[in-house]
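Asks: Single-letter residue listing:
Protein chains: 4
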Amino acid sequence: MIQYLENIKHKDSKNFFLIAGPCIIEGEDMALRIAEKVIEITDKYNIPYIFKGSFKKANRSRVDSFTTIGEEKSLEILKKVGETFNIPTTTDIHENEHAALAAQYVDVLQIPAFLVRQTDLLVAAAKTGKCVTLKKGQFLSPEAMQFAVQKITDSNNPKVAIIERGNSFGYTDLIVDYRGIPTMQQYAPVILDVTHSLQQPNQNSGVTGGRPELIETIAKAGIAVGADGLFIETHPTPETALSDGANMLRLDRLEDLMQKLTRVREAII
Amino acid sequence: MIQYLENIKHKDSKNFFLIAGPCIIEGEDMALRIAEKVIEITDKYNIPYIFKGSFKKANRSRVDSFTTIGEEKSLEILKKVGETFNIPTTTDIHENEHAALAAQYVDVLQIPAFLVRQTDLLVAAAKTGKCVTLKKGQFLSPEAMQFAVQKITDSNNPKVAIIERGNSFGYTDLIVDYRGIPTMQQYAPVILDVTHSLQQPNQNSGVTGGRPELIETIAKAGIAVGADGLFIETHPTPETALSDGANMLRLDRLEDLMQKLTRVREAII
Amino acid sequence: MIQYLENIKHKDSKNFFLIAGPCIIEGEDMALRIAEKVIEITDKYNIPYIFKGSFKKANRSRVDSFTTIGEEKSLEILKKVGETFNIPTTTDIHENEHAALAAQYVDVLQIPAFLVRQTDLLVAAAKTGKCVTLKKGQFLSPEAMQFAVQKITDSNNPKVAIIERGNSFGYTDLIVDYRGIPTMQQYAPVILDVTHSLQQPNQNSGVTGGRPELIETIAKAGIAVGADGLFIETHPTPETALSDGANMLRLDRLEDLMQKLTRVREAII
Amino acid sequence: MIQYLENIKHKDSKNFFLIAGPCIIEGEDMALRIAEKVIEITDKYNIPYIFKGSFKKANRSRVDSFTTIGEEKSLEILKKVGETFNIPTTTDIHENEHAALAAQYVDVLQIPAFLVRQTDLLVAAAKTGKCVTLKKGQFLSPEAMQFAVQKITDSNNPKVAIIERGNSFGYTDLIVDYRGIPTMQQYAPVILDVTHSLQQPNQNSGVTGGRPELIETIAKAGIAVGADGLFIETHPTPETALSDGANMLRLDRLEDLMQKLTRVREAII
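Residue numbers (UniProt numbering), protein chains in the order written: chain A, 1 to 269; chain B, 1 to 269; chain C, 1 to 269; chain D, 1 to 269.
Derived from the structure by calculation, the hints contain no laboratory data.
Among the hints, a few may not be true.
Same chains, same label: a pair holds when it works inside one copy or across any pair of copies.
Stated by the list, open to error - Lysine-lysine pairs mimicking DSS-like chemistry, simulated, CA-CA at most 30 angstroms apart:
no. : residue 1 : residue 2
1   : Lys80     : Lys127
2   : Lys57     : Lys44
3   : Lys11     : Lys260
4   : Lys57     : Lys127
5   : Lys57     : Lys14
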């Protein structure tokens, strides 16, 4: 996928690429500070980097969960991050009209896992000509993702990647099936979402739980089996984040992780 | 839920209620003939009946699957069925704007399983004032459905029911957890979707498989544990249906099933 | 299976049959009192009845869990129950030599779920000439049970039945797949174990949990789909039981359950 | 675990250790040839090595599956392999009496996954004073293995390790949960069984299937997350093997795998 992104750095480094940023855009200053720090780290380890932030959370368990600081405002911040640092950016879309809207601000459109079977949304995303990342539904097999990928490529857009984020395992747990990574690489590059793979859904509180202490474990396995990219939500202080604090990586721990993963990457190429 | 439907018959019969019809509206004549036959049967067994038909399939595995004979055309047929026989009708919606649109034609709006976490869609449906049925996602616990129900009731619409349709069990199978029926009845009436509970997803062909020979088994268990309603897709000739032929009940076998299930219902009330 | 048991009552009643008793034999007096009470109820509803009690628990999570009041002592009590009331009895065996030993005391030998793939144990049980009940492993498909059944019948013993007790669903839950009941009836009569189907395994305490309030739900669904028999552990005071108190049915609630289930049975035959 | 094995080589190499050999002992010549070849490879990469072979298959799906060339004969061959090359050996046991028997021939006793809850078997193994490896049941959580480990250590035997081999995922698949490796390392060293993790159980034929092309993927992820050891069944010609041909690694592909895994290991220590 990254060969299609003009403004991505370290394109030829042979390292994995990184999609990282806060779960949701909480403000301009915070977005810029996170991007700056991640760029410093990814430059050090020659990691191609795409800044990530949601402009709206559309599928929270509870109607009273925080959803956005403003849709346009968030998209403007994403654009500003991209322009300030000359890096590509990405956000997730939930409705057909979001595709053309978000495409004005970001370089990569992400389709959420629950929506990856919605043909019109995928086609709308594909038609923007932007890169499209498809999250594998927790209810889908790796093999079934070939049909989602086809919906993009049949719309004359070859710029597609798949994001793995775990499979339903009982009601309250997810397991990543690492066999799926080489399987899905037959169809498109594969990115491992270490943040959402560690979710513990269906908690009685209505707020999804997590096990962030396992981020390194989940990520190392992914890089070892050859994942093309990694998706990590990160925040300076996850415990005060407006969304998904349970799983985000503390920003000051990102460098240690990237250093370790770069070593694993070097061992397999 | 059925207490809110003015034009439903057998409201006080104490029997379960039935949502039935073809997977997708294939034409006016066929829709009327199915409705007529189901009404004949449900009248015989005092079963409150709601006619069901999709006006569009939005989440097929493959982009080349059949999706609609025309959205407005299909909605007009649904309306005509309701008016011809003076019965309530229902269809499923996939985008926020579909809520107000479909509400002009049908009495009950159904939210698909994959979309049951999309807050805006649920709120849009609730705001029409119509009854709303929420399919439980294959990835959700019974307990988690309370939050989906709340999204409807918090929008000042008490007319809500839940449709059970099985849980992800490995990649290619679903299992109904009958413990979930009494659990979810704490939040709203529960309807068992025997058709989609028997799906076998993620088949390599990209076309969902099924085990229709088990419809009676799945349905009897549901009625025995006290499900309020049943959802069945039926077709005169499933093998020639334009969609989901693998699981629909042959229409001429519906009466035998209703007769058996009515006996089970009588045994538990 | 019950056609092979000479001393079973109500053989021709067309009702389901019942295997019931305490999880483990705690003493003679208690065993006799439970049997007497269950006989009173099963006589009232024409239910063929087999008394059940383990003489030893061999597969507890923790080494400090209670296992037996004495192996021979427990087997003697089982024999006494059978002789006192002229009813068949059953117990579970865990080692090859247990087969011939237990066969001297009881009429039906039960193979535990974890051991149902141990060929030598199955063959040893079959060779006693006694009836053999095979618990379906939580890790086995209904179809796979045909091979376990064959191990009995290939040993020239046609007296075999299968006991369903749920499937692994994530780490801490089990789900009964009711589709499996008709599937397995192609190979042998099927008994639904409502007690262990409600277990919640792998609790952090090392003691298996449960949801006994769902016994009626689980049992009704089983009878509705045509299960041949039911397996229920019952105890006068489950909260003081020496083993598995979390799931046993309080003995004074058994009659209400049998009455309701008999009604469901009558509705399907 | 390997610190307890006197005759193991490369003990201080910091590389992972390897348990490898044929599924079942098919003959002396073949056992010696496999051992010789694996030793040549493990010497090259400084991998501590334990020869593995079953002396009997006790839990085959079908009664007509091959089980042994002779129990004592197989054990003698295991002993001969150990003496010939001065390396430790291991085999799996299925009955309490097997513990003391096998302990006369091998250095490490392996408890099969289905039997890991059988207290008497674990205690019998522990009491031999030999190293004991416990296969995690497909139905057990990583956390639940602490109780199995305790059954060994409470018998005054500290020489225990855990073997991961995947979790039930639907009826016909297994998934390795790599989060479980660091979890179980809190209790004992953890070995990843790449052969059985790739099984596809409950095939309609009654013969377990597999996906051996994924051995490298499964193994790399295990080494990357820090597994202490690896378990691999290997055979010169898997397609003619007497047992489990579907998943064994072709012996001539072992060196390439060890070379790659050693590189991953070096990247994480």
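Asks: If a hint holds in the structure, say so; if it does not, say that too.
Replies: Evaluation of the provided hints:
{"no.": "1", "hint": "Lys80 <-> Lys127", "result": "within (24 angstroms within a copy, 36 angstroms between copies)"}
{"no.": "2", "hint": "Lys57 <-> Lys44", "result": "neither (32 angstroms within a copy, 48 angstroms between copies)"}
{"no.": "3", "hint": "Lys11 <-> Lys260", "result": "both (20 angstroms within a copy, 25 angstroms between copies)"}
{"no.": "4", "hint": "Lys57 <-> Lys127", "result": "both (23 angstroms within a copy, 20 angstroms between copies)"}
{"no.": "5", "hint": "Lys57 <-> Lys14", "result": "neither (33 angstroms within a copy, 42 angstroms between copies)"}
In summary, the numbered hints that this structure violates are 2, 5.
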